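> Sequence:
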Amino acid sequence: MVAESSAKQNFTRASEDAVNQQIQIYRMAQQTYLAASAYFDHCDIALPGFVKYFQERAEHEGKLAQHLIDYQTTRGGVVIINAIPQPLTDWNSAFSAVETTLALEKDVNSSLLKLAQVAANNQDKHLLHTLK
1 MVAESSAKQN FTRASEDAVN QQIQIYRMAQ QTYLAASAYF DHCDIALPGF VKYFQERAEH
61 EGKLAQHLID YQTTRGGVVI INAIPQPLTD WNSAFSAVET TLALEKDVNS SLLKLAQVAA
121 NNQDKHLLHT LK
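The opening position of the sequence shown corresponds to residue 1 in full-length UniProt numbering, with each subsequent residue numbered one higher.
Keep in mind the hints are simulated off the structure, nothing from the lab.
Treat the hints with care, as some may be off.
[What the hints assert, rightly or not] The calculated lysine to any residue pairs, modelled on SDA-like cross-linking and capped at a C-alpha distance of 20 Å, are:
no.: 1; residue 1: 114; residue 2: 80
no.: 2; residue 1: 132; residue 2: 111
no.: 3; residue 1: 125; residue 2: 73
Computed from a predicted model, the values in this text were never measured in an experiment.
Generate the whole structure from the sequences, applying the supplied hints.
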């Protein structure tokens, strides 16, 4: 474990843990979007618009994760990168793949709302501003 940073100020353990959780959520979303992109790129499905869309979503989620990683280290927090569970890819139709990713977006949004609530509860205006 890394020792407490001298740069850490007004950054609670609860906020640090919530940021790590959000990083994990973004990484899981990125993997799911990559899986969806590959699904739509399969020769039996071949929907290039969906391939492009899900590749862009995967890239976006990766950037969001990296942004929070950078934020965590700037605030003196410790980034914890855990293993990501394999995304569900047993879709039986394009519709079920899109349904899965819609549910995922709802989960990502819910997690962001929880992170904002942790920041508000801890009066962490810096984190709240970063989330906007």
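> Output the indices of the hints that this structure fails to meet, ascending.
Of the numbered hints, all hold.
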